[in-house]
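Given chain H, put chain Z in place with the hints provided.
Quick note, the sequences are listed as chains H and Z, same order. Okay, so the first sequence: first residue is 1 according to our numbering, each after it adds one. Okay, so the second sequence: first residue is 1001 according to our numbering, each after it adds one.
Don't take each hint at face value.
As the list claims (entries may be wrong) - Under 8 Å between C-beta atoms, here's a sample of chain Z residues computed to sit facing chain H:
id, residue
1, V1009
2, A1010
3, R1013
4, S1027
5, A1043
6, S1069
Don't read these hints as lab results, they were simulated from the structure. Cβ atoms here follow ideal geometry from the backbone N, Cα and C, with glycine treated the same way.
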Amino acid sequence: MGAQQREYRQRSRSVQSTKKITRAMELIAASRVVKARQRVAETTPYARAITRAASAVATHADVDHPLTTKREQPRRAGVLVVTSDRGLAGAYAANVLKRSEQLRELVEESGMEFVPFLTGRKAESYYSFRNRPFEDSWSGFSDSPTFDVAQEISERLIGEFTKGTDEGGVDEIHLVYTRFVNMVTQEVQVTRLLPLEVVEDAAPRTPENGFPLYEFEPDAAEVLDALLPRYITSRIWNALLQSAASELAARQRAMKSATDNAEELIKTYTRLANQARQAEITQEISEIVGGASALADAK
Amino acid sequence: MSALQVELVAADRKVWEGEATMVSARSIDGDLGILPGHTPVLAVLVEGDVTIYTGGTPQAVTIDGGFLSVDEDKVVVVADRVDAGSLSAPAAG
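This is chain H alone, in the form it adopts within the complex:
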């Protein structure tokens, strides 16, 4: 076998084994994304119950809660950036980080300090590679987050927010995550987490417009105290789960196109190898024919 032919065959074999890996990753991501979507759906009753209750309190009681009060001159804006732990998911982590950079510019233009909180090793390495400081980070759970993690993050963020800038905390908290729209579309979203805007509409408080006149036990302020941190936690929890589903969907797509590309490459190499083989045969024939006619001429 000719050297050229052998080289093409070798390359084609190497691409074949890569294809096996990417195909396996594609299938794993596909099966996990189903579970991840299911988890997002399962948290909906909790999120709905909390949102409903929080809007009910907000429409009924004129209670100013520290978590809903806007600071007069915000100076430090905390941003929770939700990325993945692993790569091989196309532009998933890059998109989130790009969006967070845009947000950083926006925040700094308005004269505030950008205080990053990170989840996912991709964000951590992005910051540490650039030698940029970050306030805190959580990682190791990006494709299947637990409620405990969401609670931990939410407690930390609420703590920072209640401290305020003067004591080294923050005045605002934003959230950058990837919303799972469907298997092909995932959007990076930026939302303000704190101060909270619970009320979608400030409609007059009548029993007819949806919310009955609730009694509060023990009182409205204390109900809000218990409710709002849970509302935040449920928002973060939901963002983590949606990001997890988005990550897996992005990985599945990336691995699918990697597999397709590998197939394309294998086809090209097979053709080249065949061509090389054919060229070799043709050359051998012409050498034999040439040799034979030279011998015939010599006679």
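Then chain Z, alone, in the frame of chain H:
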């Protein structure tokens, strides 16, 4: 009098849903019992048992804090974590 529509929701799933004749839970001020026709209320719950009376044996679950809302005989109990080991299979619904 109609029965209560009860929904017991944990952070990661819906734990139980069905009809009940009475629900009792521990609020900050003490135990709170909900019967059909109760006025709308939003109560903060502390760590303790939530008991659902469905006519048969009352079912108790332990929660680690949360809140409860009652609105036109619809009771929603929301808890961060629910220990549902003692809960029998959810009623249809």
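Right, here's what the structure says about each hint:
At its closest, the beta carbon of Z/V1009 sits 5 Å from a beta carbon of chain H; the interface hint therefore holds under the 8 Å criterion. The interface hint given for Z/A1010 holds, since its Cβ lies 7 Å from the closest Cβ of chain H, which is under the 8 Å cut-off. The interface hint given for Z/R1013 is met, as the beta carbon of that residue sits about 5 Å from the closest beta carbon of chain H, less than 8 Å. Checking Z/S1027 against chain H by beta carbon gives a least distance of about 5 Å; that is within 8 Å, so the hint holds.
Restraint check, Z/A1043 versus chain H: the minimum CB separation of about 4 Å is within 8 Å; hint holds. With 8 Å as the threshold, the beta carbon of Z/S1069 comes within range of chain H, its nearest partner Cβ sitting at about 5 Å, so the hint holds.
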